[in-house]
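Protein chains in written order, with numbering that gives the first Met the number 0: chain A, 0 to 97; chain B, 0 to 276.
Please keep in mind that the hints were generated in silico from the structure rather than gathered at the bench.
Beta carbons are placed, not taken as given, at the ideal position from N, Cα and C, and that holds for glycine.
One thing to keep in mind: the hints can contain errors.
List time: in silico DSS-like cross-link candidates among lysine-lysine, alpha-carbon distance up to 27 Å [to be verified]:
(1) Lys170(B) - Lys82(A)
(2) Lys221(B) - Lys170(B)
(3) Lys82(A) - Lys156(B)
(4) Lys46(A) - Lys198(B)
(5) Lys52(A) - Lys198(B)
(6) Lys156(B) - Lys59(A)
(7) Lys198(B) - Lys59(A)
Only some residues are given here: those of chain B computed to face chain A with a beta carbon under 7 Å [as the list claims (entries may be wrong)]:
(8) Gly42
(9) Thr43
(10) Trp107
(11) Leu112
(12) Gly113
(13) Leu191
(14) Pro193
(15) Trp274
Which bits of chain B does chain A cover? Going by a derived footprint, with three or more residues having C-beta under 8 Å, they are [stated by the list, open to error]:
(16) 30-40
(17) 168-182
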Amino acid sequence: MIPIRALFLLVLMVASSAWAQGPAYDIGVDGLSCPFCAYGIEKQLHKLDGVEKVETDIEKAVVVVRVKDGSTLDRNQAMKAVKKAGFSLRSFEQSEEK
Amino acid sequence: MMTKMRGPTEIALGLGLFLGLSGGAYGHDPVFGPGPHVLFEGGTEIHTEFHRSERGDDTENEAAIALKYGLTGDWVVGLELPYQFVKESGERNDGVGDITFSTKYRFWRHDTLGVQESMAALLKVKPDSSNSGGTPSLGSGSSDTVAGLTYGYESLKWYRWASLRYRYNGKTDEGLHRGDKLLVDLAGGIRLTPPNYWKPDTVWFLELNGEIDERAELDGRKLSNSGGQEWFFSPGVMWTVRNFAVKAGVQLPLMSDLNGDQDESDYRARLEFEWHL
Chain A
0 MIPIRALFLL VLMVASSAWA QGPAYDIGVD GLSCPFCAYG IEKQLHKLDG VEKVETDIEK
60 AVVVVRVKDG STLDRNQAMK AVKKAGFSLR SFEQSEEK
Chain B
0 MMTKMRGPTE IALGLGLFLG LSGGAYGHDP VFGPGPHVLF EGGTEIHTEF HRSERGDDTE
60 NEAAIALKYG LTGDWVVGLE LPYQFVKESG ERNDGVGDIT FSTKYRFWRH DTLGVQESMA
120 ALLKVKPDSS NSGGTPSLGS GSSDTVAGLT YGYESLKWYR WASLRYRYNG KTDEGLHRGD
180 KLLVDLAGGI RLTPPNYWKP DTVWFLELNG EIDERAELDG RKLSNSGGQE WFFSPGVMWT
240 VRNFAVKAGV QLPLMSDLNG DQDESDYRAR LEFEWHL
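Next up, chain A with everything else stripped away, as it sits in the complex:
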């Protein structure tokens, strides 16, 4: 039987790793019209240091990027990544919810 203390520590570790997520950014991309093309944006953004997760919403033309705790992403980095993927940056802002 697993001791209650060990179980508590395990739950705490899982929970703390979720709490340790870094900030997320909403990147508006102009020219985005198909999923096949959007793959390039995902590839370019994943090359950036600290990027943990990239989610693309084609219909809204927004890419949400989450970075590791302690990392940040700036507008210039996002603009370069979007340009390398063959699109144009429309907007860049930090997401309100973490």
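Starting from the structure of chain A, add chain B where the hints point.
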């Protein structure tokens, strides 16, 4: 002075109609005509395609593998290697055909919310590289070049493209100069279901492809049974899941005005698989 074609010359002309004309499509380009699509910077594309064409008693099947690389977000280079199975005038042959080098540069792009409009210049060079023996020959026997311009409009629902290409055919060792070719393509596309990044996406195409050939020349004499024009009506489809695409289409003759005694195209079909890495 007009001259009737004979044996090997006729074979070379028949082959030349299809070889190296592969659209070399990228991403959401039409199946037969080119579009302005390129690859993302540092991206690699593995592309395989299968063609079949029938014209009278002649058939040609071709399987090709192409590799493409995105130099920048607007510039791509590629290399294509075909393997061909050809049946002409009752004779069969198969082997590696001519290698093709290609590049496309997107020189204009207008991005708005959910829409991308762009124009690109493309260049394909096909040296006389096939050394497979036998008859019919597998390469065109000459070094050929295709240069063109293409325009594309892509939105979440509607697509449209237009392109103009000119193919300059070199001269074979036997002194045959297949006529140069002007290629005109107009295409439209529609996506019936709104796209989702993680779900399969389907776009339906309808193309109009025109090919206008000059007469061939042998030792300076124009060949009577060569040249003319053919127009095709070409339905097609593209199905993608994230970074993998399948494209298929068939070219059905719409109008044919060929000089002299030449078989008209019955149909051409193409199936492509494309993987972006």
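Hint by hint, here is what the structure shows:
| no. | hint | verdict |
| --- | --- | --- |
| 1 | Lys170(B) - Lys82(A) | violated, 42 Å |
| 2 | Lys221(B) - Lys170(B) | holds, 13 Å |
| 3 | Lys82(A) - Lys156(B) | holds, 23 Å |
| 4 | Lys46(A) - Lys198(B) | holds, 24 Å |
| 5 | Lys52(A) - Lys198(B) | holds, 18 Å |
| 6 | Lys156(B) - Lys59(A) | holds, 14 Å |
| 7 | Lys198(B) - Lys59(A) | holds, 16 Å |
| 8 | Gly42 | holds, 6 Å |
| 9 | Thr43 | violated, 10 Å |
| 10 | Trp107 | violated, 12 Å |
| 11 | Leu112 | holds, 6 Å |
| 12 | Gly113 | holds, 6 Å |
| 13 | Leu191 | violated, 14 Å |
| 14 | Pro193 | holds, 6 Å |
| 15 | Trp274 | violated, 10 Å |
| 16 | 30-40 | holds (count 5) |
| 17 | 168-182 | violated (count 0) |
The structure shown violates the earlier hints numbered 1, 9, 10, 13, 15 and 17.
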